[in-house]
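Visitor: Taken in sequence, the protein lines are chains A and B. Under the working numbering, the first residue of the first sequence is numbered 1, with each subsequent residue one higher. Under the working numbering, the first residue of the second sequence is numbered 1, with each subsequent residue one higher.
Mixed in with the good hints, there may be bad ones.
[What the hints assert, rightly or not] With a Cα cut of at most 16 Å, we get these calculated EDC-like pairs of lysine to aspartate or glutamate:
| # | chain 1 | residue 1 | chain 2 | residue 2 |
| --- | --- | --- | --- | --- |
| 1 | B | Lys175 | B | Glu144 |
| 2 | B | Lys16 | A | Glu110 |
| 3 | A | Lys64 | A | Glu23 |
| 4 | B | Lys289 | B | Glu330 |
| 5 | B | Lys16 | A | Asp122 |
| 6 | A | Lys80 | A | Asp66 |
| 7 | B | Lys430 | A | Asp63 |
| 8 | B | Lys427 | B | Glu270 |
| 9 | B | Lys430 | A | Glu84 |
| 10 | B | Lys430 | A | Asp73 |
| 11 | B | Lys427 | A | Asp83 |
| 12 | A | Lys64 | B | Asp435 |
No lab work stands behind these hints, which were simulated from the structure alone.
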Amino acid sequence: MPCIVNSVVAQLVDVSKYYGSGEGRIKALDNVSISVRRGDSAVLVGPSGSGKSTLLHLLGCIDKQDEGSVIIDGIDTSSKGLDELAPLRLDKIGFVFQSFNLIPVLTAYENIELPLLFRGYDQGYIKHRVNEVLEMVHLQDRMHHYPRHMSGGQQQRVAIARALVGNPALILADEPTANLDSRTGADILELLLYLKQKDSITLVLSSHDSVVLERISNVIHIMDGRVSIDSPVF
Amino acid sequence: MPGAIVLTAFIMNIVKLATISLRNLFRNSRRTLITVLVSAAGFAALAILAGYMDFSFYGLRELTVCKGFTAGGGTGHIQVFRSESLKKEELFPMQYGIEDSEKIRADIESIDEVSFTMPRIEFNGLISNGDKSISFMGLGVDPEKEAGLIQYWNSLEKMAGKTKMSDAAYRQLEKAGPYGVLLGQQMAKALSAEVGTNLMLMSTTVDGAVNVVDVTVAGFIRGAMKSIDRHYLVAPLETAMILLQTDRVSKIVVVLKRTEDTSPVSGLVEAKISGHGGKVFFSVIPWEKLAEYYYSVRDVYNIIFSFTGIIVVAIVFLSCTNTMLMATMERVKEIGTLKAIGVSNVWVSMMFLLEGFFIGLLSVAGGLVFKYVFSVTINNSGFKMPPPPGMSSSYLLKIFSAVEFLPWIALLIIFSTTLSGLLTLLKIRKISIVDSLTHV
């Protein structure tokens with residue numbers, strides 16, 4: 001295992017993942033073991049189809065590995081089904097998707113409050129916290145806007161706010177700048193890194209963006225489902 | 001977490017899901033409108049069917065009471081017999097007839113809910129014009145009271161605006177005096193009889209002898225059923241008594257102010273007349289037990305209505321299921337996102353169930369409007385329904401409000417639209433989070 005430290009937030013142990021069956025079976029991840037420490041950040045790098053997204057999905061407990069173990073904040077998820085893992089995702093993981101994935105019929109405020117609502121927080125706290133993260137992503141003036149009335153950059157800010165709002169142990173961002181122009185992409189990256197710095201969040205993202213690679217020192221290279229790591233500690 | 005907080009959180013989640021559901025319904029307003037229209041039409045169809053059913057059963061019930069579907073005339077609400085007449089076969093006519101009926105009737109009429117009572121004699125024999133004789137089933141009646149039974153029908157508020165039933169035949173019979181007779185139309189035709197034609201009634205007296213009475217045709221009467229019409233005649237009570245040589249009556253018919261009082265008043269009548277005849281016992285029979293035709297028709301109608309109801313509900317269910325499945329397919333990405341951020345399948349499914357529920361609510365609201373418009377149109381159209389099987393007269397179509405059925409129909413529609421969301425549950429469970437996130 002490349003890295004095992006005391007405050008490990010997410011850990012993949014000898015994880016393999018296959019797609020398809022029979023002769024067409026493809027090994028998307030091949031015996032991967034990585035650990036992510038609390039408060040650190042890492043970027044997954046590799047060509048299309050290398051297994052970046054698969055790795056992120058397994059870390060985010062939205063897909064199941066065929067072999068090995070995925071441990072999130074000390075909880076071994078291996079024996080649990082995806083629906084059983086819903087509370088874990090709700091409490092410990094925040095997602096930022098490439099295509100924002102906001103609920104189109106909800107306003108920015110309502111999209112952001114969703115994870116807190118399903119965690120069962122009271123309205124007073126929800127209001128306070130949502131306003132807090134809206135301020136962090138500089139979208140107070142857009143809180144009552146629907147996604148269709150916002151630019152791509154603004155939508156991604158809402159998605160970041162939604163990921164942050166529950167103070168998750170781990171934030172996963174799957175190519176968060178890929179659907180944005182370079183300037184907006186850079187802004188979004190700055191925002192993520194600023195928030196990481198400010199709140200000591202743990203951030204793992206995948207990206208092709210060279211700007212991202214310049215700004216994040218911990219790089220996990222993936223090629224044909226195998227992992228190599230530049231920095232042994234991240 | 002304390003219970004109150006858990007409950008509040010639960011309600012908040014439901015409210016949020018309901019918000020998403022409602023907004024999704026309005027986002028796809030055209031599709032929602034079509035689904036709601038189909039379901040609303042389903043509600044209206046069932047409500048109108050219930051209104052027609054209510055009208056049919058009510059009309060049939062009151063028609064049974066006032067006119068009847070057998071040779072015995074209208075059943076009235078209650079009939080009083082001597083118990084033996086229901087258990088044993090008579091050796092001679094009127095063997096188990098009621099004596100001193102006037103006193104019994106007076107006692108029964110002292111009950112507040114009773115409108116009036118009337119005696120009847122059932123008799124049979126041959127009727128002849130001299131050239132031709134045919135058998136008859138006769139009814140000896142008090143014409144004035146029988147006309148009163150028709151007036152009871154005409155006074156029914158729920159049948160207001162409908163064609164009034166004529167009591168002219170009984171008035172003619174009353175006017176003609178003791179030897180007048182009303183013939184069924186088919187019988188009159190068979191005997192070539194007209195008003196004023198003299199005929200002979202032949203029957204067996206209580207002593208077993210054959211007796212003949214000359215009668216004059218006072219008018220014609222139409223039996224409820226064609227098959228009966230050929231053998232049906234109505235004579236004044238006195239004529240029947242003279243023919244049978246008796247002062248007894250076959251039964252006493254009790255007419256109430258309201259049909260709904262039949263059951264409680266039956267008990268009161270029983271109490272009033274018990275011990276009246278010494279060792280003679282009476283049986284008090286409510287109209288329901290005399291109305292075989294009513295129940296057989298009602299059973300057939302119930303089967304038809306139930307079958308139609310099932311078809312309508314199935315159409316509503318399938319239409320709504322189609323909408324729900326389309327909505328699920330269109331929102332795969334949304335479902336995947338919700339699942340990815342930690343919303344469980346149960347909550348996501350709840351969103352679709354709520355969507356079905358709202359479609360149901362909107363359908364009921366729309367259906368009520370449809371039902372009102374169609375009911376008013378039908379009720380004012382003057383549309384006549386063909387005579388029911390075996391009957392000789394058509395009737396005006398009317399749709400009752402059937403208010404007591406509406407909550408049940410509403411529940412049925414809402415249940416079926418909500419249930420249609422359940423099918424999406426299977427779909428939602430199968431949706432892969434990873435695949436759905438990139439679904440276009």
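Visitor: Given the hinted pair B:Lys430 and A:Asp63, is their alpha-carbon gap at most 16 Å?
Guide: Measuring from Cα to Cα gives roughly 13 Å; hence the hint holds.
Visitor: Would the hint linking B:Lys427 and A:Asp83 be met if the CA-CA limit is 16 Å?
Guide: holds (14 Å)
Visitor: Given the hint that B:Lys175 pairs with B:Glu144, test it: the Cα-Cα distance must not exceed 16 Å.
Guide: holds (10 Å)
Visitor: For the pair supplied as a hint, B:Lys430 and A:Glu84, is the alpha-carbon distance within the 16 Å limit?
Guide: holds (14 Å)
Visitor: Would the pair B:Lys430 and A:Asp73 pass a check requiring their Cα atoms to be no farther apart than 16 Å?
Guide: violated (27 Å)
Visitor: Below or equal to 16 Å on CA atoms is what counts here, so check B:Lys16 against A:Glu110.
Guide: Answer holds: B:Lys16 to A:Glu110 is near 9 Å, not above 16 Å.
Visitor: Take the C-alpha atoms of A:Lys80 and A:Asp66, compute the straight-line distance between them, and say whether it is at most 16 Å.
Guide: Since the Cα atoms of A:Lys80 and A:Asp66 sit roughly 13 Å apart, the hinted pair holds (cutoff 16 Å).
Visitor: Take a quick look at whether B:Lys289 and B:Glu330 sit within 16 Å of each other, Cα to Cα.
Guide: violated (59 Å)
Visitor: Does B:Asp435 sit within 16 Å of A:Lys64, going by the straight-line distance between their CA atoms?
Guide: holds (13 Å)
Visitor: Between A:Lys64 and A:Glu23, does the CA-CA distance stay at or below 16 Å?
Guide: violated (21 Å)
Visitor: Given the proposed pairing of B:Lys427 with B:Glu270, does the C-alpha separation stay at or below 16 Å?
Guide: Not OK: B:Lys427 and B:Glu270 at ~64 Å, beyond 16 Å, violated.
Visitor: CA of B:Lys16 to CA of A:Asp122, is that 16 Å or under?
Guide: holds (14 Å)
The structure fails to meet hints 3, 4, 8, 10 from the earlier list, while all remaining hints are met.
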